[in-house]
Amino acid sequence: DGGITQSPKYLFRKEGQNVTLSCEQNLNHDAMYWYRQDPGQGLRLIYYSQIVNDFQKGDIAEGYSVSREKKESFPLTVTSAQKNPTAFYLCASSSQANTEAFFGQGTRLTVV
Amino acid sequence: AQSVTQLDSQVPVFEEAPVELRCNYSSSVSVYLFWYVQYPNQGLQLLLKYLSGSTLVKGINGFEAEFNKSQTSFHLRKPSVHISDTAEYFCAVRTSGANNLFFGTGTRLTVIP
Chain A
1 DGGITQSPKY
11 LFRKEGQNVT
21 LSCEQNLNHD
31 AMYWYRQDPG
41 QGLRLIYYSQ
51 IVNDFQKGDI
61 AEGYSVSREK
71 KESFPLTVTS
81 AQKNPTAFYL
91 CASSSQANTE
101 AFFGQGTRLT
111 VV
Chain B
1001 AQSVTQLDSQ
1011 VPVFEEAPVE
1021 LRCNYSSSVS
1031 VYLFWYVQYP
1041 NQGLQLLLKY
1051 LSGSTLVKGI
1061 NGFEAEFNKS
1071 QTSFHLRKPS
1081 VHISDTAEYF
1091 CAVRTSGANN
1101 LFFGTGTRLT
1111 VIP
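Which chain is which? The protein sequence lines are A and B, in order. In terms of our numbering, the first sequence is numbered consecutively and its last residue is 112. In terms of our numbering, the second sequence is numbered consecutively and its last residue is 1113.
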C-alpha cells in the first residue's frame, strides 16, 4: 500500500536531548512537509522540501532541523533549542504545489 | 498573507441532524481550498477539495462544501450526521503556486446519540 509512514507513534525524551522523528513515503511525491499540532492552534508549518537536497523554513523552524538526502525520506530533528517541544508532529507529502497534501499518522512527542 | 478562520471551535449535533461547519479565508489571489478530518491520535484525511470549476464540491462520507468567492467562504455541510462523524475538522487554503497549506484552528464535531 502506498502511503506515508511516521515512526515512532509515541516518543518520550528527557529535556535537553535531541530527538529525530522519522518520515518515509512511497508515493513518489516530490514535496514533503513537517507540521506541528497543538490543541486549539491548528497545524503550523515547521519545514518543507520541494526536491532532494533542498528545504526551506516554515513559520516555526526555530529549534528544529531537517534533511532530505532521499526523495522518500524527510526526518525531523527536535533539538534542545526548541523551548516547548511537547506536541503532535505530522509529516505530509504532495505531488506538486497545487494539490492536496497526504498525511502520516503522526508522532506524539513528550519531553519530560 | 493568507489566513483561515473556522468560526466554531466546537459543534454538538444530534445524530441524523444536518450540520454546517464554517470556514472563511483571506487571500488576494486565487486559492485552492480543502477540508480534512482528523480522528483522535491520527493523521489528517482529505474529505474534499476545490481547485476550480463547479463551486459545489462533493467529498467522501456524504460531505459537501460550497466555494463562495464573494464571501470568501468554504463551508462544509452534511445533511444527516452519524455517530462515526465525531472528529475534528480542518479547513485549509493554498494559494496558486504556493508551497504551504494554511490551516484553520479546527472544529470539533460531536454527534450526540
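Each hint should be verified, as a subset may be incorrect.
As the list claims (entries may be wrong) - Listed below are the simulated DMTMM-like cross-link pairs for lysine to aspartate or glutamate, each with C-alpha atoms no more than 20 Å apart in a straight line:
id: 1; chain 1: B; residue 1: Lys-1058; chain 2: A; residue 2: Glu-100
id: 2; chain 1: B; residue 1: Lys-1049; chain 2: B; residue 2: Asp-1085
id: 3; chain 1: A; residue 1: Lys-71; chain 2: A; residue 2: Asp-30
id: 4; chain 1: B; residue 1: Lys-1049; chain 2: B; residue 2: Glu-1020
id: 5; chain 1: B; residue 1: Lys-1049; chain 2: A; residue 2: Asp-59
id: 6; chain 1: B; residue 1: Lys-1049; chain 2: B; residue 2: Glu-1015
It should be emphasised that the hints constitute simulated quantities derived from the structure, not laboratory data.
Okay, the hints, checked on the actual structure:
| no. | hint | verdict |
| --- | --- | --- |
| 1 | B:Lys-1058 / A:Glu-100 | holds (15 Å) |
| 2 | B:Lys-1049 / B:Asp-1085 | holds (18 Å) |
| 3 | A:Lys-71 / A:Asp-30 | holds (7 Å) |
| 4 | B:Lys-1049 / B:Glu-1020 | holds (16 Å) |
| 5 | B:Lys-1049 / A:Asp-59 | violated (24 Å) |
| 6 | B:Lys-1049 / B:Glu-1015 | violated (25 Å) |
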